[in-house]
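First to last, the sequence lines map onto chains A and B. Every number in my numbering is 17 more than the matching position in the first sequence, counting from 1. Every number in my numbering is 17 more than the matching position in the second sequence, counting from 1.
It should be emphasised that the hints constitute simulated quantities derived from the structure, not laboratory data. Misleading hints may appear alongside valid ones.
Pairs of lysine to any residue residues, derived as SDA-like cross-links and limited to a Cα-Cα distance of at most 25 angstroms, are as follows [what the hints assert, rightly or not]:
#	chain 1	residue 1	chain 2	residue 2
1	B	K390	B	F319
2	B	K123	A	T246
3	A	K19	B	W298
4	A	K19	B	E350
5	A	K123	B	D247
6	A	K19	B	A179
7	B	K380	B	G361
8	A	K380	A	E314
9	A	K366	B	D60
Protein chains: 2
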Amino acid sequence: MKVDPPQAQSFAPPLRTLMGPGPSNVSQRVLDAIGRPTIGHLDPQFVVLMDEIKGLLQYAFQTENNLTIPVSGPGSAGMETCFVNLVQPGDTVVVCQNGVFGGRMKANVERCGATAVLIEDEWGQPVDPNKLEAALVANPQATTVAFVHAETSTGAQSDAQALVALAHQHGCLAIVDAVTSLGGTPLLVDEWEIDAVYSGSQKCLSAPPGLSPVSFSDAAVERIKSRETDVQSWFMDLNLVMGYWGGDGVRSYHHTAPINALYGLHEALVILAEEGLQSAWARHQTNHEALAEGMNELGLGFVVPEAARLPQLNSVTVPDGVDEAAVRSKLLEQFNLEIGSGLGALAGKVWRIGLMGHTSSAKNVEYCVGALKDVLAEA
Amino acid sequence: MKVDPPQAQSFAPPLRTLMGPGPSNVSQRVLDAIGRPTIGHLDPQFVVLMDEIKGLLQYAFQTENNLTIPVSGPGSAGMETCFVNLVQPGDTVVVCQNGVFGGRMKANVERCGATAVLIEDEWGQPVDPNKLEAALVANPQATTVAFVHAETSTGAQSDAQALVALAHQHGCLAIVDAVTSLGGTPLLVDEWEIDAVYSGSQKCLSAPPGLSPVSFSDAAVERIKSRETDVQSWFMDLNLVMGYWGGDGVRSYHHTAPINALYGLHEALVILAEEGLQSAWARHQTNHEALAEGMNELGLGFVVPEAARLPQLNSVTVPDGVDEAAVRSKLLEQFNLEIGSGLGALAGKVWRIGLMGHTSSAKNVEYCVGALKDVLAEA
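Generate the whole structure from the sequences, applying the supplied hints.
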């Protein structure tokens, strides 16, 4: 053979405490589930599993939407699935940006051949409904509004219900990024009348990354079915994906589902159902408050105003003169503790401390506060 | 809560022998690997793993291409990654179809806003180089040729080296579907001068489905970097993906990689390197020959002419008067044995028996022949 293999052995990952912006720690139950024997993607037993996953996701999203499924890719693929299906060339989409992921939404809109009207809020602030309303008044041709419910890059939570209501008042459908909110903070898809929502498996659900739960309202499905142009992505075309996940009794092959990853998502959703959504939200809130107290004792401030803080993603300010990357490296090397850096406008200025899903425990709060105290004392 | 969770417990999959068109059986070593603790996608240890995966994929593909990575999605996402990056609106692409996946390639071309010139061969036959040459002569404006090396829907193998050479003689780049060939039958990306190739994790590599190894030549990368229009998919835009996987020292966040799935692919590739590519190819051939002998004894014919038969995917004809679906159901229920049905033009007419990767063993050949004999005797 002309090309030799590199030296490589079985990989033994270190045991990390994952308190960054995701992935969160995966429980042993979920790890056991994904390691179970693979079966076929058209196996009758697998079809039972798919139906259970749909029902469990409907519970997690609090929706009766029939089109509630995990996209076979990470959150970015879930985002793109929403845009390529709901947006057509020539459309106008109002995109609210208050962090990294609003910017990514804008890129998605433009790559669909549509026009993005961007309304901007400061990073760390929630989306301002007044600005959205003004943009909708100024752009009556708009068909869609898109915003991030829980900005993973800052830790700010926006008022999804109010923003969706504004979208509907102006005849638009609403696409909502709930990557970091699902399972960690209230998200009521039906009550808030969200039309399209996407999330990720590796945040508050605490499955490994690689799947993106999505849900679409009847109005969204109607728009998808009545498109004048083909969805530009074959892989993400929900008209085709529905044939496999659709639940009309016949499963037609579209692409091969990621079997073992779905075992893991299923187990993570069973765990969430066992705990109960409200208990999970309360746990996230309690541990957030304990972390906030600890940060306060260390003299670290929060970027996001208290009323808009996500309990599961805490952006705290790096003290003057401290090398933020060096602190993260020490935490990783000395404590096997991962926390996140700032992105975009907040790069170098903040740390992002995640308390998501299985990671959100009193023990981890204590561990993180203690480790950060030790490392900052050395810095 | 308005929406209650369904009754759902931890999932215990049945133990199947997977002899369909994929997924193949996943070894315990790979299952153990994917169940190891999750770490972050920017963890220094994970970056080491990514580099090893790149090197191991270069070996599997027999290429020194730097852009050799697993796409974070199933084979269909790998296919689309090739098309959306290499094809621009208005281009002409010659697509060779001799089964399901050539048709999917055509759909991809058209969704890129390009024109597909389709050349067709009978299902079960390899692609005819003479037809490709004629199409290239008739379409001097063509920029790209696309064909399937190993048609999973029929089991026919085409002469990739000859088809790529024709593409190059006419100034085209060549996109090759190697979903079912990688690891099971000779595939020499550099020697055959393939420009873009995609595969799947769940065929002859025997990792779970969900990842798509791809590799791009320097000429392909040059075309991607010099595009006049943005890649229509943000998620699949290799200009962005390269920043994470690129190997220039700095890893920039694009999307969150499917960590545990990559543990599994890594282990599967380590196993392939331990066995050696040539030994793996020889094993697939030996077990195919044993299966062919068994099918002959049962009086079942092959769809594909002997010279073009893929050892890892065997399409055999359903005897007259036999209910093919009933036979598959009995095999599954009585023997926990999965074999595949025919697709498209071969639906109802054939069974597809896979001998891919970990599934390709003398024991499984014997088991399958015996089970099929028993069930056919009852039919």
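Between K123(B) and T246(A), does the CA-CA distance stay at or below 25 angstroms? holds (16 angstroms)
Are K366(A) and D60(B) close enough, with their CA atoms no more than 25 angstroms apart? holds (20 angstroms)
Please work out if K380(A) and E314(A) have their alpha carbons no farther apart than 25 angstroms. Between K380(A) and E314(A) the Cα gap is close to 17 angstroms, so the pair holds against 25 angstroms.
Taken at face value, is the distance from the CA of A179(B) to the CA of K19(A) at most 25 angstroms? holds (20 angstroms)
K19(A) paired with W298(B) [C-alpha distance capped at 25 angstroms]: holds (16 angstroms)
K390(B) and F319(B): Cα distance at most 25 angstroms? holds (16 angstroms)
For the pair we were handed, K19(A) and E350(B), check the Cα-Cα distance against 25 angstroms. violated (45 angstroms)
Below or equal to 25 angstroms on CA atoms is what counts here, so check K123(A) against D247(B). holds (14 angstroms)
Hey, K380(B) versus G361(B), does the alpha-carbon distance stay inside 25 angstroms? Given pair K380(B), G361(B) is violated - Cα atoms ~31 angstroms apart, limit 25 angstroms.
Going through the hint list in order, the structure does not satisfy hints 4, 7.
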